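Enquirer: One letter stands for each residue in the lines below.
There are 2 protein chains.
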Amino acid sequence: MFDPVEKLKEFIRHASVSTDPKAKAGMQGAQEFVSGLLRSLGFAVDVVPTDLHPLIFAQRGGQPDWPHVVIYGHYDVQPADPLNLWKTPAFEPTLVGNRLYGRGAADNKGPLMTIIAAIARLLEEDPAVPLRLTFLIEGEEEIGSPSFPKFLERYADKLRAADCVFLSDTALPNEQQVVLTCGLRGLALFDVHVTGAKGDLHSGLHGGVLRNPIQALAEILATLHTPEGRVNVPGFYDTVLDVHPWERDELRKLGADEKAYADFLGIDTFYTTPGFTPFESLRFQPTLEFNGIGGGYQGEGTKTVIPSKAFAKISCRLVPNQEPDKIKRLVMDTIRARAPKGVKIDFVDQHKGEPYVVVPPDRSNTPANQPPVLARVFRATHEAVNEVWGRPPLYLREGGSVPIIAEIKRVTGLDSVMMGLFLPEDNLHAPNESFNLDVMRKGIETTYRMFKRLARG
Amino acid sequence: MFDPVEKLKEFIRHASVSTDPKAKAGMQGAQEFVSGLLRSLGFAVDVVPTDLHPLIFAQRGGQPDWPHVVIYGHYDVQPADPLNLWKTPAFEPTLVGNRLYGRGAADNKGPLMTIIAAIARLLEEDPAVPLRLTFLIEGEEEIGSPSFPKFLERYADKLRAADCVFLSDTALPNEQQVVLTCGLRGLALFDVHVTGAKGDLHSGLHGGVLRNPIQALAEILATLHTPEGRVNVPGFYDTVLDVHPWERDELRKLGADEKAYADFLGIDTFYTTPGFTPFESLRFQPTLEFNGIGGGYQGEGTKTVIPSKAFAKISCRLVPNQEPDKIKRLVMDTIRARAPKGVKIDFVDQHKGEPYVVVPPDRSNTPANQPPVLARVFRATHEAVNEVWGRPPLYLREGGSVPIIAEIKRVTGLDSVMMGLFLPEDNLHAPNESFNLDVMRKGIETTYRMFKRLARG
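These protein sequence lines map, in sequence, to chains F and H. Everything in the first sequence is counted per our numbering, starting at 4 for the first residue and increasing by one. Everything in the second sequence is counted per our numbering, starting at 4 for the first residue and increasing by one.
Keep in mind that the hints were calculated from the coordinates and are not lab data. Since this is a predicted model, take the numbers as computed values, not measurements. Be aware that one or more of the hints could be misleading.
Chain copies aren't distinguished; within one or between two, either way the pair holds.
[Said to hold, decoys possible] For lysine to aspartate or glutamate, the following EDC-like pairs were computed, each having C-alpha atoms within a straight-line distance of at most 20 Å:
| # | residue 1 | residue 2 |
| --- | --- | --- |
| 1 | K355 | E303 |
| 2 | K344 | D266 |
| 3 | K27 | D260 |
| 4 | K90 | D260 |
| 5 | K10 | E283 |
| 6 | K355 | D241 |
| 7 | K161 | E261 |
| 8 | K331 | D49 |
| 9 | K312 | D266 |
| 10 | K25 | D328 |
| 11 | K455 | E326 |
| 12 | K27 | E326 |
| 13 | K25 | E9 |
| 14 | K344 | E410 |
| 15 | K27 | D84 |
| 16 | K331 | E303 |
| 17 | K161 | E13 |
| 18 | K347 | D54 |
| 19 | K256 | D6 |
| 20 | K256 | E9 |
| 21 | K306 | D84 |
| 22 | K10 | E303 |
| 23 | K306 | E145 |
| 24 | K201 | E261 |
| 25 | K455 | D160 |
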């Protein structure tokens, strides 16, 4: 008998911190644990080597007319630092009430184990269930999936044969309401460097004759938003898709409370794209943010220097159909055009990610040509959620980014059905991460029913 | 026989780095060396203890109608780091051509020894020379003279009995031209801190609803200058004294080359107060500079965070008659008034210094009530420079700040005659500091002749 909680505990004990070269044993342990588990369920497991951490590619074949679902997940976790803030050992799973504590409990070991447990139950009940299933479990999600694109290119043909992707690596707003995530923002990141004089200068001996690069940088950055809250870069919004009325309706059903959100953030005023509520702005609108700024003397006391250099780290969150490369070019061109005389502008390119959107079926403007199995997975998930949680899921775009979802779509054509299972209080990427075992139990039941419905046709 | 170069070598060997707690022996050695030297010249030396490094207060008394000149200098030096950039050992004085290398050679051990050597020669020739002299040599100049104000208050009565101050801790523009510094800029320094949300936020999950404090800071800083180069703070220039035409004339005689200066700085465009050349702007106009800025993630790569905080370090160089406290208040009030909604503004006050100006005699608008001895020291210095260097000195204000000069004026009423002796190529505060011994020789001759003239009446 498959005990999901015991399996999850075992999974958590492998300290699979992908960014830490000293965590090799934990990475290998977690990989072998998942591979072994899938093998024990009858999957043909292929451990795909990469330049860093191997991917697990595990298949259960079948008849060509059976639905073929790819299940995505990751076996790596964030570092547990700062360790002194953990109330229980980070890699010793600890049950407190209905919560299991440990690094990775919610991101992504718990949600992944939820799906595996549902599949285990399904196959135990009916070993001949008419479903083709492919697990795709990576070990580099927490470090930006550097090996994923190469893997995707190599396995593209095998993946194209599938119908869609199913995963759980997004959030629930609360314990009562399941969300199926229908969109993710993209990313465009780069640094801007401003150089003035060729070296740092004494602000007494040379102050008053040249433009300080911190001043120039501030003057440039200050032009990039309107006072009302739009990004002030010509062309920035040109390709942004209109939000469908059903999306706004769906968001309204969430019933989020602006006052409570402002209190949570600790602010007294929102600053959002005009025409959008804060919650709409988060999910439907692109942003241009300054993630960091630096220049000159930052220590205690004073140093009367005119620095030679200053820089800022810029990131844009993008929405469909903005293209990251085009947005980078627009913002860089704008910065160059607005730079005052007397300073030099340089850019350091960073990474990027395409935005993603999938329109669920049964929405007024669902494309008629949506692949039938994708539509069936959406419907089966909808019904299963409705039965298990007593209310239908909401279909919402999310403000965050999972760049591989758009990458899978770009390379293989496959869309993703994303069922959220972690809660805001689960402390992802923070000390005292935990997973709610009531949510896990309901998640297993939901996933089990979803696949059963899908198999039934 | 007093050998100034040998004495200077001995002085340099004491590694008197006032900021370095490990340099206690060097500090004490330098103090005892100077005290001993002055004692050997017949001065009554008082080593005045402070909370940190003692001051040397050394007096040669005389008749009440003899001129009484206070000679200021400092026996401490900057740290020698980075040591690996020194071509000769920093605290082992090394003669190369006509230059003596070593930390402190030019700042301030060489110029101070120049004055002491001139006094030694004077007293050797005429032990009864009718001059009262007070040396005031501190050990904390390189760390902002923290003990000086307390000392000044305690010794104010003794100092008020003097006629003026004479010192050499400013620059020569080149080996041919002596400058008597007639003004110094003041300083007003503080930090501004901007706070947005109560903690750092994920830029995906929360981007698009609040004003990033880096953005707010940039928007505030960008308002503080006009595109033309004036400080854009209401009232900032209200009390600035007009520049006398003779001051502009004097500066023109310096014949500085704008193209060469731009090349030295490595810039292609000056950005100065409208109506002033770069050289005038430096010496006659106030500034508002950003000495540092920081916020959010500044490391390699990216971190998609909306930081909770950002800050900037601001310093104003002030000219007569701007008051540091009033200017701080104006700038802080302006920042508060221009801060966008949704962020909190806090200030951390730093130090300040009054601007200083002294009008030499024989200028069209010299106040008629200038103390006669001050006027005589100016005239004597003028004549001595003219004889020894073959051309008269220039009377120029300087862009830098020596806050104790204004502080001495404020507390004791004494003005200062500042004769520059270090050259731009002397590498003050940098590796391979040196002092030009030809300048030293001419400086001794000049100072000797100045005091001799002064004594003659």
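Enquirer: Now tell me, hint by hint, if it's right for this structure.
Expert: Checked hints:
Taking the closest pair of Cα atoms, K355 and E303 come within 20 Å of each other only across two copies (16 Å); inside a single copy the shortest separation is 36 Å, beyond that limit. In this assembly of identical chains, K344 and D266 lie within 20 Å of each other by CA distance solely across copies; the values are 16 Å between and 43 Å within a copy. Taking the shortest alpha-carbon separations for K27 and D260, neither the intra-copy value of 44 Å nor the inter-copy value of 63 Å comes in at or below 20 Å. When the C-alpha separation of K90 and D260 is checked against a cutoff of 20 Å, the pair qualifies neither within a copy, at 31 Å, nor between copies, at 67 Å.
Neither within a single protomer nor between protomers do K10 and E283 lie at most 20 Å apart by alpha-carbon distance, with minima of 39 Å and 77 Å respectively. For a Cα distance limit of 20 Å, the shortest separation of K355 from D241 inside one copy, 19 Å, qualifies, whereas the shortest one across copies, 50 Å, does not. Taking the closest pair of Cα atoms, K161 and E261 never come within 20 Å of each other, the shortest separation being 46 Å inside a single copy and 69 Å across copies. Proximity of K331 and D49 under a CA criterion of 20 Å is satisfied in neither setting, with 38 Å inside one chain copy and 68 Å between copies.
Taking the shortest Cα distances, K312 and D266 sit within 20 Å of each other only across copies (17 Å), while inside one copy they are farther apart (37 Å). Within a single copy, K25 and D328 get their C-alpha atoms no closer than 35 Å, and across copies no closer than 54 Å, so neither meets the 20 Å cut-off. In this assembly of identical chains, the alpha carbons of K455 and E326 never lie at most 20 Å apart, being 38 Å within a copy and 80 Å across copies at closest. Proximity of K27 to E326 under the C-alpha cut-off of 20 Å is found in neither arrangement, the shortest distances being 37 Å within a copy and 62 Å between copies.
In the homo-oligomer, the alpha carbons of K25 and E9 never lie at most 20 Å apart, since the shortest distance is 26 Å inside one protomer and 59 Å across protomers. Neither within a single protomer nor between protomers do K344 and E410 lie at most 20 Å apart by alpha-carbon distance, with minima of 40 Å and 39 Å respectively. Proximity of K27 and D84 under a CA criterion of 20 Å is satisfied intra-copy only: 17 Å inside one chain copy versus 41 Å between copies. Taking identical chains as interchangeable, the C-alpha atoms of K331 and E303 lie at most 20 Å apart only when they sit on different chains, with a minimum of 19 Å there against 36 Å within one chain.
For the homomeric pair K161 and E13, neither the shortest alpha-carbon distance inside one copy (31 Å) nor that between copies (82 Å) is at most 20 Å. With identical chains, the CA atoms of K347 and D54 are never at most 20 Å apart, being 37 Å at best within one copy and 46 Å at best between copies. Within a single copy, K256 and D6 get their C-alpha atoms no closer than 36 Å, and across copies no closer than 92 Å, so neither meets the 20 Å cut-off. In this assembly of identical chains, K256 and E9 lie within 20 Å of each other by CA distance neither inside one copy nor across copies; the values are 36 Å within and 88 Å between.
When the C-alpha separation of K306 and D84 is checked against a cutoff of 20 Å, the pair qualifies only between copies, where the shortest distance is 16 Å, while the shortest distance within a copy is 33 Å. Taking the shortest alpha-carbon separations for K10 and E303, neither the intra-copy value of 51 Å nor the inter-copy value of 37 Å comes in at or below 20 Å. Taking the closest pair of Cα atoms, K306 and E145 come within 20 Å of each other only across two copies (12 Å); inside a single copy the shortest separation is 39 Å, beyond that limit. When the C-alpha separation of K201 and E261 is checked against a cutoff of 20 Å, the pair qualifies only between copies, where the shortest distance is 16 Å, while the shortest distance within a copy is 49 Å.
When the C-alpha separation of K455 and D160 is checked against a cutoff of 20 Å, the pair qualifies neither within a copy, at 27 Å, nor between copies, at 98 Å.
Going down the numbered hints, you'll see the structure goes against 3, 4, 5, 7, 8, 10, 11, 12, 13, 14, 17, 18, 19, 20, 22, 25, while the others check out.
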